[in-house]
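A.B. asks: Protein sequences, first through last, are from chains D and V. When the letters of the first sequence are read in order and numbered with this note's numbering, they come out as residues 1 to 339. When the letters of the second sequence are read in order and numbered with this note's numbering, they come out as residues 1 to 339.
Hints may contain errors.
When chains are identical, the list treats them as one kind, so a pair holds in a single copy or across two.
Computed list of lysine-lysine pairs in DSS-like fashion (alpha-carbon distance at most 27 Å, straight line) [to be verified]: (1) 269 <-> 163; (2) 121 <-> 52; (3) 20 <-> 246; (4) 189 <-> 245; (5) 246 <-> 52; (6) 20 <-> 163; (7) 36 <-> 121; (8) 336 <-> 148; (9) 69 <-> 269; (10) 335 <-> 269; (11) 26 <-> 69; (12) 52 <-> 315; (13) 335 <-> 245; (14) 148 <-> 189; (15) 26 <-> 139.
To be clear, the hints were calculated from the coordinates, so they are not data collected in a lab.
2 protein chains.
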Amino acid sequence: MTENKNGEILKDITINDVAKALNLSKTTVSRAISGKGRVSEATRNLVLSYAKEHNYMPNAIARSLAHSKTFNIGVVIPSDADAAETPFFQRVLMGICETAASRDYDVLVAASSEHDISSLKRMVINHKVDGVILTRSLKHDSPVEFLKQMNVPFVVIGETVDKNAVQVDNDMTAACSEMTSILIRMGIKSIALIVGNLEYIVNRRRYDGFMRGFLECDRIADQSIIFQNAGSMPMVDSAVSKILKKNVDCIITGDDLICGRVLTKLREKNISVPGEIKVASFYNSFMLENNNPPITSINIDVHALGGTAATTLIKLISGGSVQRKIIMNHEILLKKSTV
Amino acid sequence: MTENKNGEILKDITINDVAKALNLSKTTVSRAISGKGRVSEATRNLVLSYAKEHNYMPNAIARSLAHSKTFNIGVVIPSDADAAETPFFQRVLMGICETAASRDYDVLVAASSEHDISSLKRMVINHKVDGVILTRSLKHDSPVEFLKQMNVPFVVIGETVDKNAVQVDNDMTAACSEMTSILIRMGIKSIALIVGNLEYIVNRRRYDGFMRGFLECDRIADQSIIFQNAGSMPMVDSAVSKILKKNVDCIITGDDLICGRVLTKLREKNISVPGEIKVASFYNSFMLENNNPPITSINIDVHALGGTAATTLIKLISGGSVQRKIIMNHEILLKKSTV
DNA sequence: GTGAAAGCGCTAACAG
DNA sequence: CTGTTAGCGCTTTCAC
């Protein structure tokens, strides 16, 4: 509904109104508007100009019903507070939104935790979306199972256990291995690792990459300074304490959140970076870039990640064939924190 | 669509299928499912059990069309990169999603910049949402104007220029005034201020609150150490440099992003907080809480802000009457950075 | 090139 | 308490 200049409320004008006003059939108007089917140049112009003048806007709901298609895509983002602390998900979402908008799709978000995917379920069961993007892949991935069972097209950002799922990802293992071996070759002797929740596949890959980096340099990682599953700040703190008791040259963290915490801890103890200990992170962020000193890290284009996921999903929805696994680039940013 | 145990693809079952199978009319089935209208206990159970057994799920699109209602709400979040750096918008979004889900509404997001609100327009014009939540209020608020013109129910988070718009907000001016006067009364003499983009109303209120804090203490603020419209990191840096040339006891920043930058700058110059200069922020964040020392700041429950906005909008959509302006609480967190 | 009619799946009078 | 009927607004055969 909208108002005219007198402030009266006007009901939305429908295809029927246009047809009657122009003495045409709904069919013709529909064809003129959608551009599908043959309509004479004259009538098309007539319809189009009338539509513009009277501000006719096709009702997407009705179109959806007729098409059995919603032109919506669902995006699942983690609802936990920790996830809100890293800009990753918001950036992915922005990337998805931008691409979706350019294809005339809208984006529905479902906030889900590891244990509660009810809003994803509602959205899918109610037929509110044509497909779904998962922004985090889990070891026990109930969203993936649900979507497969419901036979809904979906794309996972990150690596999935399910080998048939379409995924858009970085080669995390390669990136982490690359960074680790660069650091080793720079002459750093003893490197500690702190990675987060192992339920998130990405953290497993970070560990794998770390180990592979050592392997490639014909070195063996010291298991006593590797801390996996550090899913909370106290756990990070405790890892740091233990690390500082050993004679460690460098700490690599799984992500920016952990890294931030490590840096705070080091500052509290007046330990200088990189003077007394070097620090690097397997995931970059604004904060790490602006730290003093800036932190060596792996950089990925998260916005593009979202965009590619959206493009892929839309192709999938439209029945196109897509690559089962799309790998995006990464880059290693060597900064002062490891010199 | 879903698959049965043999992997065959089953078409979705509709209300018609249920009706035929049970030898009832669509109406009766509809009533049994929706719970509206009188149906005998017996037939209701019959329908319900058949529905469950055959996994019948009503099609939300069809219901939308019949109701002329989508059961979706739109949320506009800023698409600019800076906004992605603060968890504010993601938290608000989570709050909205949670509340919306509990009322069986879904959430569509429109990423919009100050200059491009095309995705908001699409979403509204296509009738994809019943109402909209704006998560940031602007001085020149094209979203507000558009929504008023389209006669779509909407709620603004933050203070709006438009006096008729429904808004959910904190009393920013009061909060900032409160914090400022507390600091003054603690004996701090010279206080500098750095606030961001004045296009955002919230930054204007922060300035107002700062000034009011001085007034209430019968003091006059020193305009030469007030920096407004510091919308980028270089501008913050330059403000800090100028401040450090004057004899300033304390820097108050408009938000956590600016504060983070100020802290980095101070660290670079080896200026200790609070020893040589005190620091406080008009907006709290995880990072500031975990800083060493923790930063004095204003804390607001952003998740609840989103939730309240959603509740209010849904009430509005349902034709209920709502308060035109809802003020949420804030609290002042006094931390070591200002002792 | 244009139109009539059926239908997408569900809801809501209006009758019985 | 249940069924009939007519839409919601748009798309899409199938004729002319």
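A.B. asks: Against the earlier hints, flag every one the structure doesn't satisfy and list their numbers going up.
C.D. replies: 1, 3, 5, 6, 8, 9, 12, 14, 15
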